[in-house]
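J.: As given, the protein sequences belong to chains L and V, one line each in that order. Quick note: the first sequence uses our numbering, first residue 120, plus one each step. Quick note: the second sequence uses our numbering, first residue 48, plus one each step.
Think of the hints as simulated: they come from the structure by calculation, not from any bench. All of these numbers come straight from a predicted model, not from anything done at the bench. Glycine residues also receive a C-beta, built at the ideal position from the N, C-alpha and C atoms. Check each hint, because a few of them may be wrong.
What the hints assert, rightly or not - Subject to a maximum C-alpha distance of 16 Å in a straight line, what follows is the list of computed EDC-like cross-link-like pairs (lysine to aspartate or glutamate):
| # | chain 1 | residue 1 | chain 2 | residue 2 |
| --- | --- | --- | --- | --- |
| 1 | V | Lys104 | V | Asp168 |
| 2 | V | Lys138 | L | Asp201 |
| 3 | L | Lys157 | L | Asp207 |
| 4 | V | Lys138 | L | Glu141 |
| 5 | L | Lys196 | V | Glu151 |
| 6 | L | Lys145 | L | Glu212 |
| 7 | L | Lys157 | L | Asp177 |
| 8 | V | Lys188 | V | Glu151 |
| 9 | V | Lys144 | L | Glu143 |
| 10 | V | Lys104 | L | Glu180 |
| 11 | L | Lys145 | L | Glu180 |
| 12 | V | Lys188 | V | Glu120 |
| 13 | V | Lys104 | V | Glu151 |
| 14 | V | Lys187 | V | Glu115 |
| 15 | L | Lys174 | L | Glu188 |
| 16 | V | Lys138 | L | Glu143 |
| 17 | L | Lys225 | L | Glu210 |
| 18 | V | Lys188 | V | Glu100 |
| 19 | V | Lys187 | V | Glu165 |
| 20 | L | Lys145 | L | Glu188 |
| 21 | V | Lys116 | V | Glu190 |
| 22 | V | Lys138 | V | Glu120 |
| 23 | L | Lys196 | L | Asp159 |
| 24 | V | Lys138 | L | Glu212 |
| 25 | V | Lys144 | L | Glu141 |
| 26 | V | Lys144 | L | Glu180 |
| 27 | V | Lys171 | V | Glu115 |
To be verified - Derived, one-sided and incomplete: chain V residues facing chain L with beta-carbon distance under 7 Å:
| # | residue |
| --- | --- |
| 28 | Glu64 |
| 29 | Val93 |
| 30 | Ala95 |
| 31 | Asp97 |
| 32 | Leu98 |
| 33 | Leu99 |
| 34 | Asp110 |
| 35 | Arg131 |
| 36 | Gly136 |
| 37 | Thr137 |
| 38 | Ser145 |
| 39 | Arg149 |
| 40 | Thr152 |
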Amino acid sequence: MSNVTTLNPQRRVIQPRCDIREEEGKIFVNLEMPGVQKNDLSIHVENQELIIEGKRLDGLEAGRYLLRERRLGDYRKTFTIDDTVDTDKIEAELASGMVTLTLPLKAAVQPRQISIKQK
Amino acid sequence: MAIMRWNKTSLPDPFDELDRLQEEMNRLFGLTFRPDSTGIFDRSEVPAVDLLEEADKFLVLVDLPGIEKQALELTAAPHVLTLRGERTGTKGGKNSKSRVYRDETWEGSFQRTISLPEGADVEKVSAELNDGVLRIEIAKKAELKPRQISVVAK
Chain L
120 MSNVTTLNPQ RRVIQPRCDI REEEGKIFVN LEMPGVQKND LSIHVENQEL
170 IIEGKRLDGL EAGRYLLRER RLGDYRKTFT IDDTVDTDKI EAELASGMVT
220 LTLPLKAAVQ PRQISIKQK
Chain V
48 MAIMRWNKTS LPDPFDELDR LQEEMNRLFG LTFRPDSTGI FDRSEVPAVD
98 LLEEADKFLV LVDLPGIEKQ ALELTAAPHV LTLRGERTGT KGGKNSKSRV
148 YRDETWEGSF QRTISLPEGA DVEKVSAELN DGVLRIEIAK KAELKPRQIS
198 VVAK
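Just chain V, same shape as in the assembly (with noise of 0.2 Å):
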């Protein structure tokens, strides 16, 4: 597996150093948003992820244009989504006679890790594909469930 893919900007960015900075500054003062999902195997090109809390479940969708259902791989461990997947074909293979004109999509593989919050139960999800969306369902551990407690009048 490509652990990384080429990355045509290799040149040191003084941004990124910047964004980093911020970065830290943001989780020492618990501002960010995300969950720490940024690891070496990820890359600037991995699909978007949304990440929902529902009042039983928690909802992850990502957006997988072109990337079939026998493509994707997706393991659970506790707290820890991890989804891998691979995209080829969409440009029509390598051909030499083919003039480029315009490319924007990538190719190749892609792993992401998503950490999953307090309660997310890993022995129940599920997974469906459809139109190049992918919906994961989590369910939640019983005890953070919502419950109904009935009021007993004396």
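Here chain L stands alone, though its shape is the one from the complex (with noise of 0.2 Å):
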């Protein structure tokens, strides 16, 4: 694990809900990660590992819970990836609280079409 961190270690930690998919020759990854602004969502990758942290603003309110069921904390998750993610084209992107990541498989590991001829 990395200990590279830019999360407050003092506040609680929460695992996003995730999906991933491949597709074309590239991976795709959505976490959900509401109350979380682009300044504060930081990706990056570390000894094969893919860091995914978001800082969250909010925090409990001033006033008289009546119902609470919103974990509230960071998000942070990690992947590990091997070689055949093309790490230098890794693509995020954050749109209400929604993030979603494009990894692309390096060509080398996609399936290629071998033309066969015929004599």
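Now that you have both chains on their own, put them together as the hints suggest.
T.: So, in structure tokens, the structure goes:
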């Protein structure tokens, strides 16, 4: 595990729910991170680990809670990636609390069509 | 509208009955902290909701990652707030060529009803959606707001 973290160790860390799928030579990762803004999202690759961290700025409200179901805290998720992923070309997008990562696979590991010659 | 989402664990669970019994007991003794928000439209996969009371208003916070403003519908009736919505397109559509490795989020429609405490003025509701968090403010009726009473010295 990597020790480099930008999160405050005092706060609770939540593993966001995620989807992973592979499509046409790319891996797509969706992560649910409600309450995170673009500037508070950090995505980095380190020692074959993809680390996604999101700071949530909204905390407990001052009022009296009558119902409390939301889990509040910072988000952190790590994935081990191998060298089939082209780490230089990872793209990330954040829209309404949902992070979408696109990890392209290296050309060498993508299936290649081989043409068959007929004699 | 899909009223209920197909539930993967459709087999009867003996613990459900125990949960229900416990819920019933809690309600009987007034130990429950939740307003009666369970109903046939509520499913296991509904967004998490916080409800707070502040000095001059009630505040409802709902986590709705990946849901756009257009896909949300909020209606207020006396004592009840109903939130309907739909989340689509987060899973990239149905594609037979895609291989799924992990599937933890949900897609589809949901409905959530929230019982409002006495004194919530449903005529004065405002809602704002930011970064996947919906913030609904419901004003308190005037008679319930703390009132400053001036003391006159004679």
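J.: Taking the hints in turn, state whether each one holds.
T.: Hints, verified against the model:
Annotation: proposed proximity of V/Lys104 to V/Asp168 holds, straight-line Cα distance about 9 Å (limit 16 Å). Proximity of V/Lys138 to L/Asp201 is assessed by CA-CA distance (about 24 Å); at most 16 Å being required, the pair is judged violated. Our distance criterion of 16 Å between C-alpha atoms is broken by L/Lys157 and L/Asp207, whose separation comes to about 20 Å. Simply put, V/Lys138 and L/Glu141 have alpha-carbon atoms about 11 Å apart, close enough for the 16 Å limit, and the pair holds.
At roughly 14 Å between alpha-carbon atoms, L/Lys196 and V/Glu151 fall within 16 Å of each other, so this suggested pair holds. With a C-alpha separation of about 15 Å, the suggested pair L/Lys145 and L/Glu212 falls inside the 16 Å cut-off, and the hint holds. Restraint check for L/Lys157 and L/Asp177: satisfied, since their Cα atoms lie roughly 14 Å apart, inside the 16 Å limit. Only pairs whose Cα atoms come within 16 Å are accepted, and V/Lys188 paired with V/Glu151 is rejected, the gap being roughly 41 Å.
A threshold of 16 Å between alpha carbons decides the hint, and for V/Lys144 with L/Glu143 the separation of about 8 Å falls inside it, so the pair holds. At most 16 Å may separate the alpha-carbon atoms for a hinted pair to count; V/Lys104 and L/Glu180 meet this at roughly 13 Å. Distance hint between L/Lys145 and L/Glu180 is unfulfilled; the C-alpha atoms sit about 41 Å from each other, more than 16 Å. Between the alpha carbons of V/Lys188 and V/Glu120 the distance comes to roughly 24 Å, so the proposed pair goes past 16 Å and is violated.
Between V/Lys104 and V/Glu151, the direct Cα distance comes to roughly 35 Å. Violation of the 16 Å bound is thereby established for this hinted pair. Proposed proximity of V/Lys187 and V/Glu115 is contradicted: the alpha carbons are some 28 Å apart, above 16 Å. Pair hint L/Lys174 plus L/Glu188 does not hold up; C-alpha atoms about 19 Å apart against a cutoff of 16 Å. Between V/Lys138 and L/Glu143 the CA atoms are separated by roughly 15 Å; this keeps the pair inside 16 Å, and the hint holds.
Of the pairs offered as hints, the one joining L/Lys225 and L/Glu210 holds, with about 14 Å between alpha carbons and a cut-off of 16 Å not exceeded. In summary, the hint linking V/Lys188 to V/Glu100 is supported, as the alpha carbons are separated by about 13 Å, within the 16 Å threshold. Proposed proximity of V/Lys187 and V/Glu165 is supported: the alpha carbons are some 9 Å apart, at most 16 Å. Straight-line distance between C-alpha atoms of L/Lys145 and L/Glu188 comes to about 35 Å, which puts the hinted pair past the 16 Å bound.
Under the criterion of a C-alpha separation no larger than 16 Å, the hint pairing V/Lys116 with V/Glu190 is inconsistent with the structure, at around 33 Å. In summary, the hint linking V/Lys138 to V/Glu120 is not supported, as the alpha carbons are separated by about 22 Å, beyond the 16 Å threshold. Among the hinted pairs, L/Lys196 with L/Asp159 is consistent with the structure: their alpha-carbon atoms are about 14 Å apart, no more than 16 Å. The straight-line distance between the Cα atoms of V/Lys138 and L/Glu212 is roughly 14 Å, inside the 16 Å bound, and the hint therefore holds.
Annotation: proposed proximity of V/Lys144 to L/Glu141 holds, straight-line Cα distance about 8 Å (limit 16 Å). This hinted pair does not check out: V/Lys144 and L/Glu180 have alpha carbons roughly 45 Å apart, beyond 16 Å. With a C-alpha separation of about 23 Å, the suggested pairing of V/Lys171 with V/Glu115 is violated against the 16 Å cut-off. Proximity of V/Glu64 to chain L is violated relative to the hint, the smallest CB-CB distance being about 23 Å (cut-off 7 Å).
Given the 7 Å rule on beta carbons, the hint for V/Val93 is violated: about 9 Å separates it from the nearest Cβ of chain L. Evaluation of the V/Ala95 hint against chain L yields a held restraint, the C-beta minimum of about 4 Å falling below 7 Å. Given hint, V/Asp97 at the interface with chain L, holds; its Cβ is 5 Å from that chain's nearest Cβ, closer than 7 Å. Taken as an interface hint, V/Leu98 checks out: its beta carbon lies about 4 Å from the nearest beta carbon of chain L, inside 7 Å.
For V/Leu99, the interface hint holds, since its Cβ comes within 7 Å of a Cβ in chain L; the closest pair sits about 4 Å apart. The criterion of a C-beta within 7 Å of any C-beta in chain L is met by V/Asp110, whose closest approach is roughly 4 Å, and the hint holds. The interface hint given for V/Arg131 is violated, since its Cβ lies 17 Å from the closest Cβ of chain L, which is over the 7 Å cut-off. Evaluation of the V/Gly136 hint against chain L yields a violated restraint, the C-beta minimum of about 10 Å exceeding 7 Å.
About 6 Å separates the beta-carbon of V/Thr137 from the nearest beta-carbon of chain L, less than 7 Å, and the hint is met. The beta carbon of V/Ser145 is positioned within 7 Å of a beta carbon in chain L (closest approach about 4 Å), and the interface hint is therefore held. Here the hint on V/Arg149 is kept, as its CB sits about 4 Å from the closest CB of chain L, short of 7 Å. Contact between V/Thr152 and chain L, as hinted, is supported at the beta carbon level, the nearest pair being about 5 Å apart and thus within 7 Å.
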